[in-house]
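Work the whole structure out from these sequences, hints included.
Protein chains in written order, with the numbering used here: chain A, 1 to 223; chain B, 1 to 223; chain C, 1 to 212; chain D, 1 to 212.
Derived by calculation from the structure, the hints in this document are not laboratory data.
It is possible that some hints are incorrect.
As the list claims (entries may be wrong) - Below, a list of computed lysine to aspartate or glutamate pairs in the EDC-like style, where the Cα atoms sit at most 16 Å apart:
(1) Lys76/C / Glu89/C
(2) Lys134/D / Glu21/A
(3) Lys29/C / Asp47/C
(4) Lys38/D / Glu104/A
(5) Lys38/D / Glu23/A
(6) Lys164/A / Asp126/A
(7) Lys29/C / Glu11/C
(8) Lys164/B / Glu197/B
(9) Lys134/C / Asp194/B
(10) Lys94/B / Glu36/C
(11) Lys29/D / Glu104/A
(12) Lys76/D / Glu89/D
(13) Lys164/B / Asp116/B
(14) Lys76/D / Asp88/D
(15) Lys164/B / Glu215/B
(16) Lys134/D / Glu107/A
(17) Lys134/C / Glu197/B
(18) Lys94/A / Glu36/D
(19) Lys76/D / Glu152/D
(20) Lys134/D / Asp194/A
(21) Lys76/C / Glu36/C
(22) Lys164/A / Asp194/A
(23) Lys134/C / Glu215/B
(24) Lys29/D / Glu11/D
(25) Lys134/C / Glu23/B
(26) Lys29/D / Glu89/A
(27) Lys38/D / Glu88/A
(28) Lys8/D / Glu104/A
(29) Lys38/C / Asp17/B
Said to hold, decoys possible - If you want the footprint, here are the derived chain D segments under chain A, 3+ residues with CB under 8 Å:
(30) 8-17
(31) 28-38
(32) 61-67
(33) 75-85
(34) 89-102
(35) 146-157
All C-beta atoms in this analysis are idealised placements derived from N, C-alpha and C, irrespective of residue type, glycine included.
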Amino acid sequence: MDGIHDLGGKQGYGPIDRTGEDEVFHEEWEGREWGIAQCARTPGITIDWWRHCRELILPEDYLARPYFDSWAQTDFSTYIEAGWMTYEEIAAGKSLRQDLDYGEPLEAMNLQQILDEDRAHAFRFDAEIDTPPAFVVGQQVSTQRHGHGGHTRLPQYARGRVGKIHAHHGAHVFPDWSAEGREVHQHLYSVVFDASELWPEAADRHDRVYLDLWEAYLLPVTT
Amino acid sequence: MDGIHDLGGKQGYGPIDRTGEDEVFHEEWEGREWGIAQCARTPGITIDWWRHCRELILPEDYLARPYFDSWAQTDFSTYIEAGWMTYEEIAAGKSLRQDLDYGEPLEAMNLQQILDEDRAHAFRFDAEIDTPPAFVVGQQVSTQRHGHGGHTRLPQYARGRVGKIHAHHGAHVFPDWSAEGREVHQHLYSVVFDASELWPEAADRHDRVYLDLWEAYLLPVTT
Amino acid sequence: MPEFDAKKVAEAHQHLHSHLPSESALRVKTLETLLEQKGLVNPATIDAWVEAYTEEIGPRRGAQVVARAWVDPAFKARLLEDAPAAIDEFGFLGKATAHLKVVENTDSVHNLVVCTLCSCYPFSILGIAPAWYKAAAYRSRAVRDPRGVLAEFGVEIGDEVEVRTWDSTAELRYLVLPQRPPATEDLDEEGLAALVTRNSMIGTDRDLGGSA
Amino acid sequence: MPEFDAKKVAEAHQHLHSHLPSESALRVKTLETLLEQKGLVNPATIDAWVEAYTEEIGPRRGAQVVARAWVDPAFKARLLEDAPAAIDEFGFLGKATAHLKVVENTDSVHNLVVCTLCSCYPFSILGIAPAWYKAAAYRSRAVRDPRGVLAEFGVEIGDEVEVRTWDSTAELRYLVLPQRPPATEDLDEEGLAALVTRNSMIGTDRDLGGSA
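Quick look at the structure:
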């Protein structure tokens, strides 16, 4: 979707505010939200669906509220969507129904267990597939002009542009479909673009931008 | 600029709120701001510069604050830029210097005078120029892929797209330069685009979008 | 004189974000006070502008023009050919209408007007734009999802009808000429004008209620 | 089970915009309370996650990896070839590093990492991302104006140096391998690691202060 989250190259956001950059969490609630996101039971969602739910936050809230607030907002929305929470419960600040069974009580985990758990979070998103890659390293490609109307990882600033395959990373879960609940692996590439291909003011700059893009985002360039 | 104001086709803004749609002004201050914008002396600005100043409002303010508030914010910024107001004066809520001469005292105008004045606001932005138009009605054109880094009236959603010249409107003041203080007339066209050229989900819709675009935004299509 | 220094303006917006009162009414009061003290505005003239756009200049003007076009084919031809001159026959030429264009609805075409980049509107013929016209939801969706927008306004558009969205990217302003409703033969121009809604001249209304 | 219904989620966001308290702390408290009452979270486990990412997992991990690469060419080669396996030699493999890539700064190349679409970050090796990394100003500008961004961080990049911005659009995560500062021959691995800043591993820092 062409949402407020698609910030690459957008202008007008002003200077970078580095306030508190050496603090891990600036306020206690930020740590609580971080922790909830690590260990709460969730209704079978994918990372892409969660990201899409965050993208759907009202633009003014997305911009004006603190970062971890958007995580809480996203969590609420996924639990509501799944029927695990209701607006009434949120308004009341307490659970109003006990008829749903979410499984065994959760044991408290200690620091060492968390360090092991963090290790277990080293998820891989790639897999072997039968289809050979359509592009080879060094090949020129152009990107699709249209993004997916739902979740997509082809940002607006890199649409309809010509770049070059920098690397092939095997087949990774395709996010546009994963956000809809379909897990399909597709070849993933790093694609490098000259800055001048992307930005009007970069004509005489030799900088480059690298993006990781799935095969469905790419087209061969016929010269 | 690729600012927050460039809203065409952006997603996530939700349903249309029609609250109070039959009221001219919802609160008194809205009328005051409207009136200020009509009759206050300004520091020799152009409409395009004023629009650009509005585009430069912080994105979260642009989205979250009421519409006419953005006019007041824009006015403040133009007076500050011109040196006609200072932050100290705005903080104090009163004028702190009388050394600048803005001309004769302004006489109060009555309703009939305003109706005449409104007539006098029928500004024309076109002029005869020597250069003949580069495109003819019916011709296919494509739009530039890049927008101007400052003010521009080529929206993001219509960049790098193929359309057709629907009408030629003579030469009009080119906004990208007018916002920088240079008044240059350039041929202006209405260009029509198939919806399917602009939006991924419009593939089977026979709708069209018309934009008024200056010659510098357009390129001939070589087939 | 201003230098049109965008950097300075961006900094002003950042400064004012933190240093102005958050209430809009207070901000505008501050602006008016400063302008008056500096001799840059006369508050009585503001009063008169508000009065003009509350009492005199508004969508009833556009409605009169539309009704005339319905009953007078020669006027309609002039209106479609040169709208500023045609509305000037009523004395309605004014703010933001010097480059007015009229686009006509038919059985097979529906027109919708938007300004995706700011909030351009033909003031002297329609008055102050409704808040929704200037809001992000309408501006973002009118070009991409015009049928969804129309449905929210209660307007269902058949597949056989082409929707044309006019994005006011230059100083041209657009006025939709809606279709005359059926069974209105016995209405005079004034009676017809009473049927014309503001939204029908923007394009968010289509079938005017003449048959009731 | 969820149906992944985006319309329902958008409506939830609209509803919560108006019906949740505006203070973030209260909102998160409400979330935690509900989850605990429903048996969906154990607060003590949240405590342990906060402790892990405050005390144990953070940019000192990345700094150790960088220092090792500076002193051990074979390790550096493994790191550039297969970063997840290389950091696992330290036991640092974990959250968001299974597809880690290391990009190396040289005299003629400077690397900068961003996630323009959300806030992807190699957690298990750098800890919690700084707020600026997740904010609109950095996300919007790092791809378009990397030299302006770097200047705000006090890093001046000569015209002869190519700036490469890596936008983390997939599950790959990037770690910048900064250059070893001059005149650090007498420092051991631990001393070298102390020179490595978090920002230098994101790319918003370049010349590490070894010569002082």
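Kindly indicate which numbered hints from before are broken by the structure, ordering the numbers from low to high. The structure breaks hints 5, 6, 7, 9, 11, 13, 16, 17, 19, 20, 21, 23, 24, 28, 29, 32 and 33; every other hint is satisfied.
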